[in-house]
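Just so you know, the sequences run in chain order A and B. Counted the way our numbering counts, the first sequence spans residues 1 to 791. Counted the way our numbering counts, the second sequence spans residues 1 to 152.
Simulated from the structure, these hints should not be mistaken for lab results. Be aware that a few hints might be false.
[As the list claims (entries may be wrong)] Chain A is faced by these chain B residues, among others (derived, beta-carbon under 10 Å): (1) R79; (2) K81; (3) P83; (4) S114; (5) S119; (6) V120; (7) A122.
[Said to hold, decoys possible] With a Cα cut of at most 30 Å, we get these calculated DSBU-like pairs of lysine-lysine: (8) K131(B) to K15(B); (9) K778(A) to K131(B); (10) K786(A) to K453(A); (11) K56(B) to K57(A).
Cβ atoms here follow ideal geometry from the backbone N, Cα and C, with glycine treated the same way.
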Amino acid sequence: MTTTSAGPHVHGLGEPYKRKEDARFIRGKGNYVDDIQLPGMLYADIVRSPYAHALIKGIDISKALQVPGVVAIITGKDLEAAGLAWMPTLSGDTEAVLAVDRVLYQMQEVAFVVAESRYAAADGAAAVEVDYEPLPVVVDPRKALAPDAPLLRPDKKDRQPTNQIYHWETGDRAATDAAFAEAEQNGVVVRQDMYVPRIHPAPIETCGCVADYNAATGKLTVWMTSQAPHAHRTLFAIVSGLPEHRIRVISPDVGGGFGNKVPIYPGYVCAVVAALKTGRPVKWIEDRTENLTSTGFARDYHIHAEIAADKEGTVKALRVYTLADHGAFDAAAQPTKFPAGLFHICTGSYDFKHAHVAVDAVHTNKAPGGIAYRCSFRVTEASYLIERMMDTLAREVGKDPAEIRLQNFIKPEAFPYRSALGWTYDSGNYERALRLAMEKIGYEELRREQAEKRARGELMGIGISSFTEIVGAGPGKHFDIAGIQMFDSCEIRVHPTGKVLARIGVQTQGQGHETTFAQIIAAELGISPDDVDVEHGDTDTAPYGLGTYASRSTPVGGAATAVAARKIRDKARKIAAYLLEVGEEDLEWEPGRFYVRGSPSKGKTIQEIAFAAYTNCPPYLEPGLEAVNYYDPPNLTYPFGSYICVVDIDRGTGEVHIRRFLAVDDCGTVINPMIVEGQIHGGLTQGLAPALYEQLAYDEDGNVLGSNFQDYLIPTAMETPRWETARTVTPSPHHPIGAKGVGESPTVGAPQAIANAVVDALAHVGVRHIDIPITPWKVWAILKEKGLATA
Amino acid sequence: MDFSGSQTIAAPIDKVWAFLLDVNKVAECAPGFQSLEVLGEEHWKAVVSVGIGAVKAKFTLDVTRPEMHEPDHMVVKARGKAPGSAVELSGDMHLTAVDSGQTRMDWEAKVIVSGTIASVGARLLQGTAEKLTGQFFACLKAKLEPAGSSQS
Numbered sequence: 001m002t003t004t005s006a007g008p009h010v011h012g013l014g015e016p017y018k019r020k021e022d023a024r025f026i027r028g029k030g031n032y033v034d035d036i037q038l039p040g041m042l043y044a045d046i047v048r049s050p051y052a053h054a055l056i057k058g059i060d061i062s063k064a065l066q067v068p069g070v071v072a073i074i075t076g077k078d079l080e081a082a083g084l085a086w087m088p089t090l091s092g093d094t095e096a097v098l099a100v101d102r103v104l105y106q107m108q109e110v111a112f113v114v115a116e117s118r119y120a121a122a123d124g125a126a127a128v129e130v131d132y133e134p135l136p137v138v139v140d141p142r143k144a145l146a147p148d149a150p151l152l153r154p155d156k157k158d159r160q161p162t163n164q165i166y167h168w169e170t171g172d173r174a175a176t177d178a179a180f181a182e183a184e185q186n187g188v189v190v191r192q193d194m195y196v197p198r199i200h201p202a203p204i205e206t207c208g209c210v211a212d213y214n215a216a217t218g219k220l221t222v223w224m225t226s227q228a229p230h231a232h233r234t235l236f237a238i239v240s241g242l243p244e245h246r247i248r249v250i251s252p253d254v255g256g257g258f259g260n261k262v263p264i265y266p267g268y269v270c271a272v273v274a275a276l277k278t279g280r281p282v283k284w285i286e287d288r289t290e291n292l293t294s295t296g297f298a299r300d301y302h303i304h305a306e307i308a309a310d311k312e313g314t315v316k317a318l319r320v321y322t323l324a325d326h327g328a329f330d331a332a333a334q335p336t337k338f339p340a341g342l343f344h345i346c347t348g349s350y351d352f353k354h355a356h357v358a359v360d361a362v363h364t365n366k367a368p369g370g371i372a373y374r375c376s377f378r379v380t381e382a383s384y385l386i387e388r389m390m391d392t393l394a395r396e397v398g399k400d401p402a403e404i405r406l407q408n409f410i411k412p413e414a415f416p417y418r419s420a421l422g423w424t425y426d427s428g429n430y431e432r433a434l435r436l437a438m439e440k441i442g443y444e445e446l447r448r449e450q451a452e453k454r455a456r457g458e459l460m461g462i463g464i465s466s467f468t469e470i471v472g473a474g475p476g477k478h479f480d481i482a483g484i485q486m487f488d489s490c491e492i493r494v495h496p497t498g499k500v501l502a503r504i505g506v507q508t509q510g511q512g513h514e515t516t517f518a519q520i521i522a523a524e525l526g527i528s529p530d531d532v533d534v535e536h537g538d539t540d541t542a543p544y545g546l547g548t549y550a551s552r553s554t555p556v557g558g559a560a561t562a563v564a565a566r567k568i569r570d571k572a573r574k575i576a577a578y579l580l581e582v583g584e585e586d587l588e589w590e591p592g593r594f595y596v597r598g599s600p601s602k603g604k605t606i607q608e609i610a611f612a613a614y615t616n617c618p619p620y621l622e623p624g625l626e627a628v629n630y631y632d633p634p635n636l637t638y639p640f641g642s643y644i645c646v647v648d649i650d651r652g653t654g655e656v657h658i659r660r661f662l663a664v665d666d667c668g669t670v671i672n673p674m675i676v677e678g679q680i681h682g683g684l685t686q687g688l689a690p691a692l693y694e695q696l697a698y699d700e701d702g703n704v705l706g707s708n709f710q711d712y713l714i715p716t717a718m719e720t721p722r723w724e725t726a727r728t729v730t731p732s733p734h735h736p737i738g739a740k741g742v743g744e745s746p747t748v749g750a751p752q753a754i755a756n757a758v759v760d761a762l763a764h765v766g767v768r769h770i771d772i773p774i775t776p777w778k779v780w781a782i783l784k785e786k787g788l789a790t791a
Numbered sequence: 001m002d003f004s005g006s007q008t009i010a011a012p013i014d015k016v017w018a019f020l021l022d023v024n025k026v027a028e029c030a031p032g033f034q035s036l037e038v039l040g041e042e043h044w045k046a047v048v049s050v051g052i053g054a055v056k057a058k059f060t061l062d063v064t065r066p067e068m069h070e071p072d073h074m075v076v077k078a079r080g081k082a083p084g085s086a087v088e089l090s091g092d093m094h095l096t097a098v099d100s101g102q103t104r105m106d107w108e109a110k111v112i113v114s115g116t117i118a119s120v121g122a123r124l125l126q127g128t129a130e131k132l133t134g135q136f137f138a139c140l141k142a143k144l145e146p147a148g149s150s151q152s
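Okay, chain B solo, but in the shape it has when bound (with noise of 0.2 Å):
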């Protein structure tokens, strides 16, 4: 599955880039996260708890960051394993400053899902998908825009 879209965030760019940087940070917008551990550099075990439909999955996931361009470009990839279930993430992302204070991102994904998770939740996995990509951009707008600014 291939999703993109694109995210206009009331913040300047290297606020929103260092936010980026920090995977603490964005760990905790990540929808169901649970645990985070380092690896090594740019290498890191996370666990996150995953619901589709009736179905729900802990995945235990590898992540690397093995494109970073200062700053404006950024590549994540994840593989991790729930029993009897797969997922490989591609995540690719740009910032560009709209002005001094406002930031867009624009991004893309490739998720491969396997197994029991896909078979099951099949026909709810694009909803699924939206609904986490978009809880996951409203925590990072609510983190990063001054209170009050109610930009979407």
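Chain A with its partners taken away, still in its complex shape (with noise of 0.2 Å):
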């Protein structure tokens, strides 16, 4: 960092700084919700169907509440007399917290059972006998809207008669139907169905709380996995009745949440109601099979999609319609005006003229979900769906992947650039991330390597995926969850020792918030990281927010981060200009010091300033230095990338050997390297699942195929390549530091490189699409039917 004179070094933006929370992580010394002990503590477990599909015909809990331990059972009927049997939401449906008279999927909560230890709270769950009569179950999504389709969902047939939850659709029908026919006389046309299948984002702390109701004080306090703590204080308010000041819910270190804890589980909700049941603290974990079966799940989008283009692979329209599978209650969690979230920015890095979007929701006798696995409402369906569509089209009129890809980008001088579908991209350079990705790769050599391997009979494939993100939701006018607008917030107060405390809005689940978001005030202060404490996930304290997912922490608050710093900035250069006795507008700024124009020797510290703050203020301002931001963001972001898969095929066996992956991000301006290669790494790895390994699948019958860690296959170390990363930075022009957030896009840009790969290994056999994950077993079928299996 260049300064004019001898500033202090800050460790401010583009610096590797090691992360600040990482010295209790690594110590052990991480507080958990499972780690909280309270005096008199209960815990809980809870009673769950085993049938996909079922009438309850009765509950007998005598047996369980004689189990030596156990203190109170709460049933359905328990909660139907409090009001509480069904709880908001985040889609506008209504979630029973245990069933009362049906339950709609395997696992679905039925009874809450407390005892004095977790040992005799799973015997007694164990001793509760539920009287089930079995119903006919939906599996098949696509049988869902059959007119002899048991309606699933009873409950609601007033206001929705079938299976169907919404039809939506977006994007001009006519003008995209007219560029089709177009295309079928003089063009070309490509199809494909896709399945985009349901996974489970897995976090390695499952979730959980602990409720504690104060009798004497009326408060409750509430420990949770939670991505949003403010919001699900407000939620427990509008729900529970209890005054929102009176309830604190406490985020504290959360292990992963990738979308999973952005909902509200029956769990939570009982652990409630059993403290202020019991007068005693009730603490509730899931075990992994709990986790995997009943909380959110993500994605499950059932896609046909159409390019319409000319002959030389120009594209002039995009068709999509798509089935998307809800499960039993629609728990999406999406801003409430976008039912399929952001779906559409399903056009992606490429200049469509026309583009239609259709998405039909149904229920099915499944868990709820369909929550942004590390992807912002449903982005990774949309650039898996154009990514995979750009190599149909490649195919189709004899261009390489990445030809047809250069051909098709947004160009650089198009920004701000207003796609078919309504958004308007802040702005973006694609061309220059491809080339670089492909000089990174050596592309045309891997090219002439692929040809001559060909001709030996050897399977090697290489495929691009050039996505565009959207993350950052605000503007508050368009989102909002639950009618709460998504802003987020900071307030930062300064010490007269010039040391600083800063709460966001946002919370952490591993980010590293608590040194990005230093940096960021390091970099509008001029104070260290290491003097700015940075705090979050605690209602009481925290200023409110709408928390953390969708990748908006650093667009959002990270952003309003910044704003505050700049406010005290603001009132330090006003005492600066007291102190020094000169104008304000006389006054020169350089990282952590204002001196005079002209006589840089004369200026004063940021700590000095922060002092005099306290000591000695000018008469016409407020003691104090403090200042609090809500922001509100003017657009989204869009960060994008490319990235490059290299993989050879196992004849015999028809495994994918990833040899190679190169990621090109490009997040804007960068905060903390470090942090975000990480970001990238981890993020790469939960592409790499569902492209060969995870699906959540479902037997006939309801069944959960995936309910444990032996049956759901996630990446570890031994399955994870090396990752290659390279980056180009094209700032956002909206956000005040012009960061865009990092967080998701490896996670939404590297499946379908993954799956390009495998599909280019086998083009020239007239392979044209695999539904992820690519098992070695779907690939053998291939290698069998196409007679290149040498087993």
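Each chain sits in its own coordinate frame; assemble them with the hints.
Structure below.
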């Protein structure tokens, strides 16, 4: 960093500063929900349905109450009597807290048992006798709309008479249809069905809470695995009727969220009810199977996509139809006005003149969800479909997948770019990112190698993904969750000695906010991040915020932090002018110091100014040095990147070996390159997961077949290739520091790079698409069919 | 899951029928059988423990025989539950006299398993069911066939 005079080195933007939070994590001093122990605390376990669809004819808790240690059992009838049997979801549906007369998916919550120990709670749960009458099961969403399909939600048949939750469409249908008609005559049309399977975020820490009600003060404190503590506090207040100022939600250290910890789950509500009922603190912690089978899943989109192009492969129009499987309750985490999230970012990095997207969502006998798993509301599905389709188009017109992309990219001079589906992209330079990726990986050389190998009968593939992300929701006028606008906030207090406490409305689940947000303040105020403590996650102290998901922390919370710091600096300028006896306009700023223009030696450091704010404040100013900002972004941000994956396929086993994977990311201004690198490595691994391994499958009776890590395969270090990374920087023009957010780009961009590489390896024998996860079995079956299998 | 099979037992048809009619004898051959209690006419409560892979469960079954045509056709139904799991079984059995000393049993079974056993044991269910069926028929034959007979 260059400075005009001897300002301090403050580890501001662009510096690989070591994560401040790691000091406690690597010493085992983190404080997760399950670490919390309160005197007299009870432990909970949940009785869950073995059936995917059944009537509850009766629940007998008499034996369970006799189990030693069992203190109380709550059933749906108990909740019904208290008006708490149902709760609102994030998508305007109502979800059963505990099933009263009907279960709709396997593992649905039926009764809540609290006991003196976790073991006694489990024994009590096993002793609860539930009499079920099984009903026909709807597993396949394509059958959910059949006239003879059982109606899964008679509870809302007045407003929704079938299993269809919504039909939603956007874009210009007539213009799109006309472009397709034209392409049918004089150009090309490519079509593909694809399934983006149901997967699960599977954070290392499962969901859980400790609920503690103090009858003397009337205050309820809930420590919970929450990505959005303030929003959860408000929802608790609305659902329970407890006054909001007497509810304190604390989200302590959280071991990964990835969208899984955005919804409110029945376990949280039941723990609160049990704490009120017993007068003792109640802890509820999910086991792995409960987390995988009952909490928010992601994806599950059945997509049909079509591109119209001219004979040269220049794209004209995109048409997409999607059937979305939302499970038993519509608990998708979406901004209210966008039932399919930001799925209509699906024109991607390409200059489509026309597009039309339609989505039908249906109920099935599966767990509710549809959360944004490390992606901003359905962006992964959108990016996957367009990147797969661009490869399909390239094959159709006989062009290289890189060439078809370069030909169709939105040009750098076209920004801000208005997409056919209504988004305004803030900034981008897609060609630069792809060319950098091609140069770094040696694209031409790899294509030559591929041709040689093909001649020898070896299968090698190269896959490209040139994705565009859309993150950082608000603006508040377009984006809200349950009515609460998606702004975010920061409150900064500079103490008299120049040390800083910053409290933020977003919340970290491992993203490194305590470091990056300190660096934003460091860059703005010239105070070392070591002297800035960042607090978050406690609704009694942090300013109101909408939480961390959809890569919104840096775009929204980071902007609030920069703006709050600038307010501090503005006041510091006034104080410095008073102290130096000059006009404000005569002062120059360098990191950490105001000095008199033309006399660099005459100045006041931010620490001196802070001290004066409390000891020698100008009489015309309020004492103190604090600021708050609630930031409502003017637009979303649009990070992007180009990923290239090289695979070799074993003709004997069908196994896909990722030989190289290069990720070029552009997240605008980089705050901490080390944290960005870490985010990208983690995100790429979570992008590899659905490409080759993960799927939450169900059998025909609605049994979950991925209920544990033996059956639901997440990649470990053994499966993960070496990630190569590189970067371009295209700042966001509307963000205070030009940052766009990065946490989700790799998860969004990676799966299709891998899928495209596998299809590329088999394209010469006519393969155009393989649904993810691309398991050895699927590949081997294709090799066998094409006469390529050696075993 | 649907299963079916055919077994030839070296015993006359009326002896096989008499054996199958006696629930206590049949129960003794059921793998994992623990207890049987009469609830009414052609209606029993049976407790059976089953292990599928790492999961072990004790099922309490409600058993009935809704159809019987002496000496060649019998339908057995059972519905039961264990903590976190449930099962529904329906078995249909036909006996045919091959000759005076041999009887062929053709059987079909429909099994619906729900809950933990189905989720965790999905990949092992078929194999386990085949193994348990094999054990059942081996027991049946051992009890019905004259010592030294080795027809399979």
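Hint check:
1. A least Cβ separation of about 9 Å between R79(B) and chain A falls short of the 10 Å threshold, and the interface hint therefore holds.
2. Annotation: interface hint on K81(B) holds; nearest CB of chain A at approximately 7 Å, less than 10 Å.
3. Given hint, P83(B) at the interface with chain A, holds; its Cβ is 4 Å from that chain's nearest Cβ, closer than 10 Å.
4. Taking 10 Å as the C-beta contact cut-off toward chain A, the hint placing S114(B) at the interface holds, the least distance being around 4 Å.
5. Evaluation of the S119(B) hint against chain A yields a held restraint, the C-beta minimum of about 4 Å falling below 10 Å.
6. The closest approach between the C-beta of V120(B) and any C-beta of chain A is roughly 6 Å, which is under the 10 Å cut-off, so the hint is satisfied.
7. This hint holds: A122(B) has a C-beta 5 Å from the nearest C-beta of chain A, less than the 10 Å allowed.
8. Pair hint K131(B) plus K15(B) holds up; C-alpha atoms about 25 Å apart against a cutoff of 30 Å.
9. Our distance criterion of 30 Å between C-alpha atoms is met by K778(A) and K131(B), whose separation comes to about 29 Å.
10. With a C-alpha separation of about 17 Å, the suggested pairing of K786(A) with K453(A) holds against the 30 Å cut-off.
11. A threshold of 30 Å between alpha carbons decides the hint, and for K56(B) with K57(A) the separation of about 26 Å falls inside it, so the pair holds.
When each numbered hint is compared with the structure, no violation occurs for any of them.
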